[in-house]
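Taken in order, these protein sequences are the chains called A and B.
If you want the working numbering, it's the 1-based position in the first sequence plus 9.
If you want the working numbering, it's the 1-based position in the second sequence plus 82.
If you're looking for bench data, these hints aren't it; they were derived computationally from the structure.
Glycine is no exception: its CB is placed at the ideal position from the N, C-alpha and C atoms.
Misleading hints may appear alongside valid ones.
Cβ-to-Cβ under 8 Å is the rule here; a few derived chain B residues that face chain A [said to hold, decoys possible]:
no.	residue
1	S94
2	S110
3	N114
4	P122
5	L129
6	L131
7	Q133
8	L171
9	Y179
10	K183
11	F186
12	G187
13	G189
Under the rule of at most 30 Å between Cα atoms (straight-line distance), these lysine-lysine pairs were calculated in the DSS-like manner [claimed, not checked]:
no.	chain 1	residue 1	chain 2	residue 2
14	B	K191	A	K103
15	A	K88	A	K103
16	B	K150	B	K195
17	B	K191	B	K150
18	A	K103	B	K150
19	B	K183	A	K103
20	B	K183	B	K124
21	A	K103	B	K195
22	A	K89	B	K191
23	B	K150	B	K83
24	A	K88	B	K83
25	A	K89	B	K124
26	A	K88	B	K183
27	A	K88	B	K124
28	B	K124	A	K103
29	B	K124	B	K191
30	B	K83	B	K195
31	B	K83	B	K183
32	B	K83	B	K124
33	B	K150	A	K89
34	B	K191	B	K83
Cβ-to-Cβ under 10 Å is the rule here; a few derived chain A residues that face chain B [claimed, not checked]:
no.	residue
35	Y43
36	Y45
37	G50
38	G52
39	D94
40	F97
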Amino acid sequence: SQTIHQWPATLVQPVGSPLSLECTVEGTSNPNLYWYRQAAGRGLQLLFYSVGIGQISSEVPQNLSASRPQDRQFILSSKKLLLSDSGFYLCAWKRDRDHEQYFGPGTRLTVT
Amino acid sequence: KQEVTQIPAALSVPEGENLVLNCSFTDSAIYNLQWFRQDPGKGLTSLLLIQSSQREQTSGRLNASLDKSSGRSTLYIAASQPGDSATYLCAVSPSGYNFNKFYFGSGTKLNVKP
Chain A
10 SQTIHQWPAT
20 LVQPVGSPLS
30 LECTVEGTSN
40 PNLYWYRQAA
50 GRGLQLLFYS
60 VGIGQISSEV
70 PQNLSASRPQ
80 DRQFILSSKK
90 LLLSDSGFYL
100 CAWKRDRDHE
110 QYFGPGTRLT
120 VT
Chain B
83 KQEVTQIPAA
93 LSVPEGENLV
103 LNCSFTDSAI
113 YNLQWFRQDP
123 GKGLTSLLLI
133 QSSQREQTSG
143 RLNASLDKSS
153 GRSTLYIAAS
163 QPGDSATYLC
173 AVSPSGYNFN
183 KFYFGSGTKL
193 NVKP
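One chain only, chain B, in its complex shape (with noise of 0.2 Å):
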C-alpha cells in the first residue's frame, strides 16, 4: 500500500522567506501527484497538479517538482506571506486500476510571521 509522508510536519518563517515543503511516497508507481491547501476548519483547495509525466509545475510563486525514481516531491513557495500559512497536503494516487485513489500524507502545517 502507498504511504505518503510530509516533512516538516510544522513550519514557522518570516515573511518574504522563501520555502520548501517535503512530500515522499513509497512506490513510484503513480498517476499523478497534488499539492493541496487547507485552511482551518476548512475542506481542502487543490493547488497544483503533476502528471507522471510531468516533472513540475507553476502557478504565481508556487512551484510544484516531483521526481518519481526517487519517491519525492516538492512545494515551493517564493516571498511568502502571512496569508500563506495553513496546512498543506500532498495526495497520490497510483498507476493501474487504482488511479481513481488518492492517498494523502499528514501534511504540514506553515506559519508566516509578520
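Just chain A, with the same shape it has in the complex (with noise of 0.2 Å):
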C-alpha cells in the first residue's frame, strides 16, 4: 500500500528564516506530487505540482519555492519567511493519468 510523510509536523520560525519542509511517498513510483497551502478557515490553494523528477509548475508567485531531488520526495523552501507564510501545508500524490489525490498529515507553520 501507498504511504504519504510529511515533517515537521509543526513549525515556528521567525520572520526572515529559511524552510524546508519535505514530502515523500512510499509504495509507488512516478507520482504527480503536489503543495497545497492552507489559511485558517480557507480552502486549499495550489502552491506547487511536479509531474516528475526536476519538473515544477509553479500556481502562485511568491517566495516559496519546490523541488524534486527524487522521484517520491517534494521539498518545500524559502529563503526568507514573511508573517504571510504561516498556515498550514498540504503534501499530496496521485497515480499519473489516474485522477484521486491522497493527502499527506500537513506541516502547520507559524511565522512569527
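Both chains are given apart, each in its own frame, so use the hints to dock them into the complex.
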C-alpha cells in the first residue's frame, strides 16, 4: 500500500528565517506530487505540482520554491519567511493518469 | 481560472438528519470532481470522485452528484451522525492539458449534534 509522509508536523519560525518542508511517498513510482497551503478557515491553494523529477510547475508567485530531487520526494523551501507564509501546508500525490488525490498529514507553520 | 464555491460555509444539524452540501464551479470543462473530508488539524481524506462522464457516485451513506452543464455538485449525507462532523471540501480538475491541477472550494464545516 502507499503512504505519504510530511515533516515536521509543526514548525515555528521567525520572520526572515529559511524554510524546508519535506514530503515523501512510499509504495508507488513516478507519482504526481503537489504542495498546497491552507490559511485558517480557507480552502486549499495550489502552490506547486510536479509530474516528474526536476519538473516543477508554480501556481502562485511568491517567496516559496519547490524541488523534487528524487522520484518520491518533494521539498518546499523559502530563503526568507514572511508573516503571510503562516498556514497549514499539505502535500498530496496521485498516480499519473489517475484521478484521485491522496493527502499527507500536513505541517502547521507559524511565522512569528 | 476556475473558481470553486461551497455553500453554506457552516452547517449545524441534529443527529439523524439528511443533509446536502453544495459545490459550484465557474468553468464546466472539468476532468473530474472530488469530495474530501478534513478533520481539525489533519490532512484530507478522499470520500468520492466523480469523473466528468459520470453523474453520481455512492459510498455508504454518501452520494455525490455532478451536473457539469450547470457547474454544480452536491454531496448528500443520509442519517447524519456526530462522527460526520468535519469540514467537507470539493475540488475540480480542469479538462485539457491542465488536468493534473486541482482547484478547491473553501469548504463547508459540518457539526452534527448528538
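Hint by hint, here is what the structure shows:
no. : hint            : verdict
1   : S94             : violated, 16 Å
2   : S110            : violated, 18 Å
3   : N114            : holds, 5 Å
4   : P122            : violated, 10 Å
5   : L129            : violated, 10 Å
6   : L131            : holds, 5 Å
7   : Q133            : holds, 6 Å
8   : L171            : holds, 6 Å
9   : Y179            : violated, 11 Å
10  : K183            : holds, 6 Å
11  : F186            : holds, 4 Å
12  : G187            : holds, 5 Å
13  : G189            : holds, 6 Å
14  : B:K191 / A:K103 : holds, 26 Å
15  : A:K88 / A:K103  : holds, 28 Å
16  : B:K150 / B:K195 : violated, 33 Å
17  : B:K191 / B:K150 : holds, 24 Å
18  : A:K103 / B:K150 : holds, 23 Å
19  : B:K183 / A:K103 : holds, 11 Å
20  : B:K183 / B:K124 : holds, 22 Å
21  : A:K103 / B:K195 : violated, 35 Å
22  : A:K89 / B:K191  : violated, 33 Å
23  : B:K150 / B:K83  : holds, 16 Å
24  : A:K88 / B:K83   : holds, 29 Å
25  : A:K89 / B:K124  : holds, 26 Å
26  : A:K88 / B:K183  : holds, 26 Å
27  : A:K88 / B:K124  : holds, 27 Å
28  : B:K124 / A:K103 : holds, 19 Å
29  : B:K124 / B:K191 : holds, 14 Å
30  : B:K83 / B:K195  : violated, 37 Å
31  : B:K83 / B:K183  : holds, 11 Å
32  : B:K83 / B:K124  : holds, 28 Å
33  : B:K150 / A:K89  : violated, 42 Å
34  : B:K191 / B:K83  : holds, 25 Å
35  : Y43             : holds, 7 Å
36  : Y45             : holds, 8 Å
37  : G50             : holds, 8 Å
38  : G52             : holds, 4 Å
39  : D94             : violated, 18 Å
40  : F97             : holds, 8 Å
Violation of the numbered hints given earlier is confined to hints 1, 2, 4, 5, 9, 16, 21, 22, 30, 33 and 39; the remaining hints are satisfied by the structure.
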